[in-house]
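On the provided structure of chain A, position chain B as indicated by the hints.
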Amino acid sequence: MKSKLHIKGSTLWKVCALLILGISLTCCFLEVTNLEQPVTATAGQVIPITLHDSIATNINTPNYIVANYVYCFLAPKGWAAAQNATVTYTSSLGNGSMQLMPSSSLEPTSVGAGTNLTWPAACAAKFGLGKNLVNDVEWVVFESKTQITIDNTITLTGNINMQLKVGADGNNTSYFPEYITCESVDGLNDDDLWDASHPYWTRTDGACLVQAGTDGDLNDYCNPQLVAVNPPKALDNEFITITYNNKLITTPLSTHSDIYLCVDTAYTSDGKALTGFCVQNAQSQLIQTSAASGLYNLTIWPRSYFGITGTTTLTELVYHITDGQGNNRVGYGGNPNVAFTYKFKCN
Amino acid sequence: MKKLNKFKFLFFALLLLAGASCKVDKIKDVTEPVKDISGSWRIIKATRNGTDLTTVVDTNIYSISKFRINFSGGKYTITNPLPFLVTGDGTYALDNPQYAFTITFSATGSTTPVSTAFSYPIVDGTRVLNLVFSPGCPQTTYTYSLEKVN
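If you read the protein sequences in the order shown, they are chains A and B.
Mapping to this note's numbering: the first sequence position 100 is 322, numbers consecutive.
Mapping to this note's numbering: the second sequence position 10 is 1494, numbers consecutive.
The shape of chain B in the complex, shown without the other chains:
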């Protein structure tokens, strides 16, 4: 009987301890950050239908490593161009500044804006901008993964 009382005491003591240890945490509202892509970007990986082209295109007239796209104030400029969604500089827009799924490029002088899926994951601690497009035949798909130039 004494043994049972001991267990009872221990049980209630633990219950009291457990209750005292609880407190309600207030969860702060998490706001999705605005997708700020302003700055200069370079290609870190380029594929054609899944085949890696990153290191095989490197001449003194066009080079994957030298391509740059700069986003600033709704405008973009391209230096050392490559096959891309658009030819020439122009404006760009995200479909939603926080929850962006599409990016649209409008080259200056062109009446046809070009849109593609917008993917902006963090890879190895760094934001990567993935663009998928077909600059030529629709059955051939290119993926450029871009990283901001520091």
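Just chain A, with the same shape it has in the complex:
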């Protein structure tokens, strides 16, 4: 029997495309209209941070969603923001408080992709360290305690308010905060077919936040450093990588490519001050990462490098960077008279 249904191939494709488009247009066009964040703080101070959001919706099939507000915040690890932040929200759909995202909750886009990442891991995979130069920051994710029903074709406004106690580790830290907002149904999905220039989430870069007020170390993750040590916090029984930036400022080493680590003193837990490690040899040479990069690396295992045994541990290194003869020395800020220091600790 001959079919009475006549659909041309091209028409069929158009109908299918429209159907897929209709199903895919789910939620929202989010926008952070304003960020209120201080740029200085003192250790122990509780600082207020507020994000003003605007969300326009276009929801199909069904014409509403039930979701949690989600707020991702990038903080220095040493601040323990999960324990030291409280977050609330106000919105045209009601007010409430937020809680830490349970570690069992998976970010929905990663579930769709089969990678099944937790929310902090998904943020780290997508947004990395933000604008920070040192990998000593972490994503802390909050969700509204209650779910919110968001209807179609509305524009809702909201504020996320965070009270954050800074400087828990007793150090002075400068870093770039990052803020992500989204809702729990679409998560960190990029594909907003309604408005291709806007994904389902918003990202807001905060200005460099400088926290002072302690006699601890200075951790500056905003500005390039002459010397960076990775991990920035470590003990003596692991590898540390010392990176010297020979292009950052003009120093006596600027014309040199033979760069060495010169440890003036290594202090130990039993009160000893070890010397004799300002030598220029294969073990102390920093190697340029790639031709003309100007970045020189040396990875050492401190316990072995300084011959530490038994229960003794290293507590601190005081060092310079030198040329192959040890004649030209560079210290903190390029000053040969001020040594670099590295303390072995986890906080």
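Hints in this document: simulated from the structure, not taken from any laboratory.
The reader is advised that the hints may include incorrect statements.
What the hints assert, rightly or not - DSBU-like cross-link-like pairs, simulated, lysine-lysine; straight-line CA separation at most 35 Å: (1) A:Lys567 to B:Lys1529; (2) B:Lys1550 to A:Lys565; (3) B:Lys1550 to A:Lys494.
Just so it is clear, the structure is predicted and the values come from calculations on it, not from any experiment.
Leaving out everything else, chain B in the frame of chain A:
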């Protein structure tokens, strides 16, 4: 009508053929092999928080390529040591010889055994022993992938 009979004949012939082609295969019980890690192992990849360190640590006093761990009769010995789960030689044990999920190292003289997840996949036809641990600060994770030395 004749045409229909032909189809019927063909159909039954195919059915008979299909039936005759079937036979019940007996599936032998598959026994999970015991995880035998005895022998000498070397590091083929070392990472710190995901950053590859394999080729950047190579001095004449410590070297990733020269590290060896030898498992034998419940004991392990380390030559050319590196930051590791334990310091010094000792004993080791798997939580289950067939379905091992954890390996525990007990260094001689230490009263605190150290355990870590045991992963023993076959990569490119070769067994690889993956060990994940933090020898220093807990926020820094190291992964050593080891391959048996022939």
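Okay, the hints, checked on the actual structure:
1. For the hint pairing Lys567 (chain A) with Lys1529 (chain B), the CA-to-CA distance comes to about 26 Å; that is within 35 Å, so the pair holds.
2. Simply put, Lys1550 (chain B) and Lys565 (chain A) have alpha-carbon atoms about 29 Å apart, close enough for the 35 Å limit, and the pair holds.
3. Taking the CA atoms of Lys1550 (chain B) and Lys494 (chain A), the gap is near 31 Å; set against the 35 Å cutoff, the hint holds.
In terms of the numbered hints stated before, the structure departs from none.
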